[in-house]
Amino acid sequence: MRRSVLVRFLIFLLAAVAALIYLTPTLVKDPVKSLPSWWSAFLPSDRIHLGLDLQGGSHLILEVKVDKAIENNVERARGELANLLRERGISGVSVERQGAQIQLKAPAASVERVRGVLKGDFPNLEVANTQSGGGSTDFFLTLSKDELKSLRDYAVDQSLETIRNRIDQFGVSEPIIQRQGQSDILIQLPGIQDPERAKEIIGKTALLEFKLVDDNANVEEAVKNGPPPGRQVLYGHAGRGDGAPTAQIPYVLESRTLMTGEYITDARVRPSQQLQGPYVELILNPTGARLFEQITAANVKRRLAIVLDNKVYSAPVIQERIGGGRASITGSFDIKEARDLSIILRAGALPAPVEIAEERTVGPSLGQDSINQGITSFIVGGALVIVFMIAYYKGAGLLANLAVIFNILFMMAVLAGFQAVLTLPGIAGIVLTIGMAVDANVLINERIREELRSGRAVRSAIEAGYQHALPAILDSNITTFLSGVILFQFGTGPIKGFAVTLCIGIFTTVLTAVYLTRIYYDHRMVSRKLERISI
Amino acid sequence: MELIKPGTHIQFTRYRKIAIILSSAVNLAVLLLLFFKGPNLGVDFAGGTMVHLRFQQAVTIPDIRRALETIHLGGGVIQDFGERGGNEYLVRLDKTSVELGALSEQMKKSLTDKFGAGKFEVRRIESVGPKVGADLRFRGAMSVIAATIMMGVYLWFRFDFRFGIGAVVALLHDVLVTIGALLLANYEFDLTIVAALLTVVGYSVNDTVIVCDRIRENMRKVRRESLETIINTSINETLSRTIITVSTAIMVLFALFFLGGAVIRPFAFALLVGFFSGVYSTIFIATPVILMWEKGAKKR
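Those protein sequences? They're chains A and B, same order as listed. Residue numbers for the first sequence, in this note's numbering: 1 to 535. Residue numbers for the second sequence, in this note's numbering: 1 to 300.
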């Protein structure tokens, strides 16, 4: 018995020392400076991670519009199909896209040849339906199931990769970027100062296209009555005066895209030259350079519009053939905008547009206020409970308080050790745990009092008190734990933090309130001084 | 110190009819309130945008409204937030920041024009799309229901089917009472409220567990007594524990309510109400339901 008390005491002592070691980095002001170098080499040096609601920052959930990516792919397949049919000399066939479906209308004479082309060259297309009548056959084509699935996955994964690149270049410390569910991307940007700008950079599709300006078209006519076939109207900014509603200039462009941004290997901001503002220089890979050279050679003296996400940035006149794989985007932007643009172009385009489905941003001052208020209520709430327990149970209350203090110590250490995230509801969870942790001791103490009243000796009253209280303590903690698990499943960010502290608190409570206090009584028992207890 | 003198023997089950009528009436009222008035949904559930602003000096809500008129927010509600004199306001918009474009940028500009640079601060932005809102609403409701049923199942396995039924009825009561109090106090329903409701479910069942544990123990000890007597004895024997535990919980919750800041206040409020209701429902709902179930079973 004596030995077992000693062993248990030593185990607790060891656990307490370990807990203190885990908490040291959190408790010192600046762990890098104030802890000796051997500490970080051998001992845990991570602080308790604070949630975005406490340290400030942005939490974003982006929805990748995968349907749009699929439509783009179907459109590409349609173009290829139309071209191939033309090349093979199969005439009289019309190929149109409707949403994610291609409708192919072929005269009866060429139906067999069309089937051959579809089978031989477009294994990714499936014939969903055919309708014959009036001397022609309609084919309704869709992408195959496998193709669709891999497209969806690709769109989300590629978006994730691109966004990661953009954020890395933007410069945020310890961002979290991960896929969530089917088509969502979760992004957490701790301590970010300018969330609007970050959103701007993250959310841009950044589809860069080079298109020719149709100088013969009547711009006013096209704006009013819609562009002529094969043309489109896009707008550009006249100038970005601060605040003033920016005037929009319409351009009539040839719909055909000559080149996209996929050939860009690098994009850099160049300082302003004379009257112009800063501009962004694009460096193309060899294929892109060759393509760009061909395009410029073929269209000297025409205007080439540089279009980003359907907005015309500039439309300079091609003076001569441009070799060497360098192109530039001018426009009236300031240095910050030019830098953001270069980040986006370097990281590449998103395969599909994204939309912000959820945003939660907390400024640093609110976070600090929350921490302070959390600590205040923790101290006041804790003090009230401690005073009450001593007043009510005297010695046994003191013991319960000791258990509570160890409880908090272990709880924080587990938070630090498992790198769990502490949030504002998490702090509330800790405060609540103080209030509820003493329940176990209340149960034990009440039971001991009862046993004493029924005439038992102190020793057996304690024995019976612990023994009879234990099932109730375990049951009530298990039920709370279960609801904590459901909460964890349901919750996002801050709520998960609450669920985590709640569940950790349950373990440490049972450990300290039941086993730690028992060591004390067992010690008293073996040292034969247990005639009376203060309870 | 002793709050409840040993030997106290209150015949709690005598009041069961009044209690059940009263509680049913309250629950019915909450349900009516829920259907006709409807909960005040926060952006988490309704979708839309909430912007939390703090000003350096005193401003009035009409001032802010005038300043923001230029950017056509559409369906905006502006309200006080936090401590009196803290000059903090919440601007609530139906639209999400996606639809509004660079929302806070526009907002900052209009407010700077009106109040001057550096006179205010955007402390928090929450924006949730309508689809996410609907999804969270569904999952929130489901998780509370799932937790309630789970507690019932746990008590069924650990004790008895009757006890499980009693616990579930009591928990439904507690959840409804908490929701009713939140409705009356006009707090917004958001994710933290769901967390509070789940916590209420988790902790309120504790009292039921403690009493059920004692009932089971007493049933083994004294076989001759009626279930009603055993239930009353058990409630009385655990009464002082119940009161003390609720007291300590309420101490920390008051600390959170008054000192924890305005962000966490609705959460603390919901827990306070839920914990009180939990004690009441254990004594006046869960155990009478067990008793009535037993009597019903005997008749059959």
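Hints in this document: simulated from the structure, not taken from any laboratory. Where a beta carbon is used, it is the ideal one built from N, C-alpha and C, also for glycine. There may be inaccurate statements among the hints.
[To be verified] Chain A side only, calculated, beta carbon under 8 Å to chain B, not exhaustive:
id : residue
1  : Val300
2  : Lys301
3  : Ser370
4  : Val380
Hints, verified against the model:
1. Val300: 39 Å, violated
2. Lys301: 38 Å, violated
3. Ser370: The hint holds - A/Ser370 has a Cβ within 8 Å of chain B, the shortest such distance being about 6 Å.
4. Val380: 4 Å, holds
Checked against the numbered hints given earlier, the structure breaks hints 1, 2 and satisfies all the rest.
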